[in-house]
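So you can see what is in the structure, the chains are spelled out below.
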Amino acid sequence: MEYNNYMKIEFDSKSQNEAFARVVVASFASQLDPTIEEITDIKTAVSEAVTNSIIHGYESSTGLVTVTCKINGNKLEIIIEDEGQGIDNVEEAMQPLFTSKPQLERSGMGFTVMETFMDEIEVYSELKKGTTIRMVKKFKSLNVE
Amino acid sequence: MQLQYEMVDHTLIVKFDGELDHHSAENIRTELDDVISQRRVKNLIFDLNEMRFMDSSGIGVIIGRYKNISKLGGKVSVIHVTDSIDKIFNLAGLYNIISKHNNKSEALNCM
Chain X
2 MEYNNYMKIE
12 FDSKSQNEAF
22 ARVVVASFAS
32 QLDPTIEEIT
42 DIKTAVSEAV
52 TNSIIHGYES
62 STGLVTVTCK
72 INGNKLEIII
82 EDEGQGIDNV
92 EEAMQPLFTS
102 KPQLERSGMG
112 FTVMETFMDE
122 IEVYSELKKG
132 TTIRMVKKFK
142 SLNVE
Chain A
179 MQLQYEMVDH
189 TLIVKFDGEL
199 DHHSAENIRT
209 ELDDVISQRR
219 VKNLIFDLNE
229 MRFMDSSGIG
239 VIIGRYKNIS
249 KLGGKVSVIH
259 VTDSIDKIFN
269 LAGLYNIISK
279 HNNKSEALNC
289 M
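Protein chains in written order, with the numbering used here: chain X, 2 to 146; chain A, 179 to 289.
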């Protein structure tokens, strides 16, 4: 996708970086003059995707998570990638309440939250290679120009 | 994330102050379960007025506590729910098992 602005961050798959990732993306998105609701939506979606990479992608090992953002007009594209174990069945993983880790009190709502809070979501995953989540949010505030 | 507690009869009111994600969930879970067993809590009210961020990890924390409390015949409710958290609770169907109230006194009346 063509873009007017771009940024990329890479960090260890440690849970303290979940807050770091969502705050960085929210700061980058602030140039789109978002509403508070739009900012909360993207922070929540990023938090879900990064948490998935940490818990499911890398499990007990540590690897790298990459977050790339591109702005094109009033659209923000967010790509979250890991090189972890991948998802066996993406369709099943995206079902509401499906979780492979009920013992960790995971609710199985991560993908449902991402789908609801963002305008587009695509998931690519390959076993033992990793998972890429691409999400797009359209910001309404710039439409009025 | 800081937790503040208030006990009214057998109902524990837990006030969340901060962000609830996967990172903070583990400590919160341990701390809450300790307090619930030590103080012989029957019912639980989560006050979300100062909750500045919550993702689906929060649903896991709340449903987990609900399971323990309901086993012993208690009730769980949430108060001061912000719009964004309300959206997540609705998605998860949380209001099928716990009730939402505007404030503490309303919630206590329904216990």
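Calculated directly from the structure, the hints in this document are not laboratory data.
Even for Gly, the Cβ is constructed at its ideal location relative to N, Cα and C.
Keep in mind that a hint or two might mislead.
What the hints assert, rightly or not - In silico BS3-like cross-links for lysine-lysine, where the CA-CA straight-line distance does not exceed 30 Å:
id, chain 1, residue 1, chain 2, residue 2
1, A, K278, A, K265
2, X, K102, A, K282
3, X, K141, A, K265
4, X, K15, A, K278
5, A, K220, A, K249
Said to hold, decoys possible - One side only, chain X facing chain A, incomplete, derived with CB under 10 Å:
id, residue
6, E11
7, D13
8, S16
9, K44
10, E49
11, N75
12, T113
Check: Can the restraint linking K102 of chain X and K282 of chain A be considered satisfied, given a maximum Cα separation of 30 Å?
Finding: 34 Å, violated
Notebook entry, point to check: Given E11 of chain X as an interface hint, is the shortest Cβ-Cβ distance to chain A below 10 Å?
Noted result: 18 Å, violated
Note to self: With the threshold set at 30 Å, check whether the alpha-carbon distance from K278 of chain A to K265 of chain A stays at or below it.
What the structure shows: 13 Å, holds
Margin query: For K141 of chain X and K265 of chain A, compute the direct alpha-carbon distance and say whether it is at most 30 Å.
Written below: 19 Å, holds
Notebook entry, point to check: Holds or violated: D13 of chain X as interface residue toward chain A, Cβ cutoff 10 Å?
Noted result: 13 Å, violated
Next item on the list: Using Cβ atoms only, decide whether N75 of chain X comes closer than 10 Å to chain A, and label the hint accordingly.
Entry: 21 Å, violated
Next item on the list: Decide if the proposed pair is consistent with the structure: K15 of chain X and K278 of chain A, CA atoms, cutoff 30 Å inclusive.
Entry: Violated, because 34 Å separates the two Cα atoms, which is more than 30 Å.
Checklist line | Residue hint E49 of chain X, partner chain A, criterion CB-CB below 10 Å | finding: 6 Å, holds
Notebook entry, point to check: Holds or violated: K220 of chain A with K249 of chain A, Cα cutoff 30 Å?
Noted result: Distance of about 10 Å is within 30 Å: holds.
Notebook entry, point to check: Holds or violated: is there a CB of chain A closer than 10 Å to the CB of K44 of chain X?
Noted result: 7 Å, holds
Next item on the list: Closer than 10 Å between Cβ atoms is the bar; does T113 of chain X clear it against chain A? Give me holds or violated.
Entry: The hint holds - T113 of chain X has a Cβ within 10 Å of chain A, the shortest such distance being about 6 Å.
Check: Does the interface hint hold: is S16 of chain X within less than 10 Å of chain A, judged Cβ to Cβ?
Finding: 4 Å, holds
This entry does not satisfy hints 2, 4, 6, 7, 11, going by the numbered hints stated previously.
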